[in-house]
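Colleague: Sequence:
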Amino acid sequence: MHQAGCEYTRATVPLARIRLLCLDVDGVLTDGGISIDDAGHETKRFHVRDGAALRMWSRLGFETAVITGRSGMALRHRLRELGVKHVISGSKEKGAAFEALLLEMKLEASDAAMIGDDIPDLPILRRCGFPIAVRDASPEVLAVAALITSRAGGNGAVRDAIEHILKAKGRWSDAVRTFDAEFRDSAESTAGETTCEGMGA
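For the sequence shown, counting from 1, position 184 maps to 405 in the numbering used here; every step adds exactly one.
Think of the hints as simulated: they come from the structure by calculation, not from any bench.
Built from N, CA and C at the ideal position, the CB exists for glycine as well.
Honestly, I wouldn't trust all of these hints.
[Stated by the list, open to error] Across the chosen pairs, the derived CB separations fall in these ranges: (1) G261 <-> R398: 43 to 51 Å; (2) G272 <-> E325: 19 to 27 Å; (3) G391 <-> R291: 30 to 38 Å; (4) T264 <-> G311: 15 to 23 Å; (5) R398 <-> L328: 25 to 33 Å; (6) P235 <-> D258: 41 to 49 Å; (7) S279 <-> E320: 20 to 28 Å; (8) R238 <-> H262: 37 to 45 Å; (9) A321 <-> R297: 13 to 21 Å.
Assemble the whole structure, with the sequences as input and the hints as a guide.
Modeller: Here it is as structure tokens:
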């Protein structure tokens with residue numbers, strides 16, 4: 222089965238049940254590359270389509286959690302910008318972090334989807350209701366995935382996954398309408414501010 226360009230490999234829990242989307246960062250929200258400047262600061266590249274999809278997801282009332290083994294200012298800034306409230310960074314035991322998150326949110330593992338790319342993500346992928354692999358994931362991750370995105374990590378893979386889930390829920394058109402309305406409101410607000418500034422000058 223193909224939807225939104227993804228490869229759906231096997232049946233899982235009904236996607237209508239999914240309320241929480243868990244994400245790795247390096248290799249999922251980014252392409253896995255890490256740039257370090259002369260001062261030792263890391264920089265990361267994020268894809269705007271992933272950000273737009275995460276906003277759509279949250280606007281519809283669903284939750285997002287990031288569980289990553291690394292941390293950094295660039296990541297914290299981007300997640301704050303996207304309004305991601307549940308962030309577990311520096312995690313060496315992702316499975317334990319996932320269980321603690323479920324307990325905190327009063328959710329079952331079957332209520333969650335996880336997007337991963339490599340071996341550290343396997344404990345969550347094996348436990349969650351809907352395991353997702355980015356296109357360029359490791360063979361071990363591809364083997365357990367129920368969905369494989371059409372795009373590689375850091376290049377719109379998160380957008381692929383969210384679109385697939387929302388279409389399965391029958392909510393994609395709602396997401397598009399909400400996002401389009403907010404974009405129009407933002408554009409009109411910006412245009413108004415520009416006009417006022419021009420008039421004031």
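Colleague: Hint by hint, work out which the structure violates, then give me just those numbers in ascending order.
Modeller: The structure conflicts with no hint, since it agrees with every one listed earlier.
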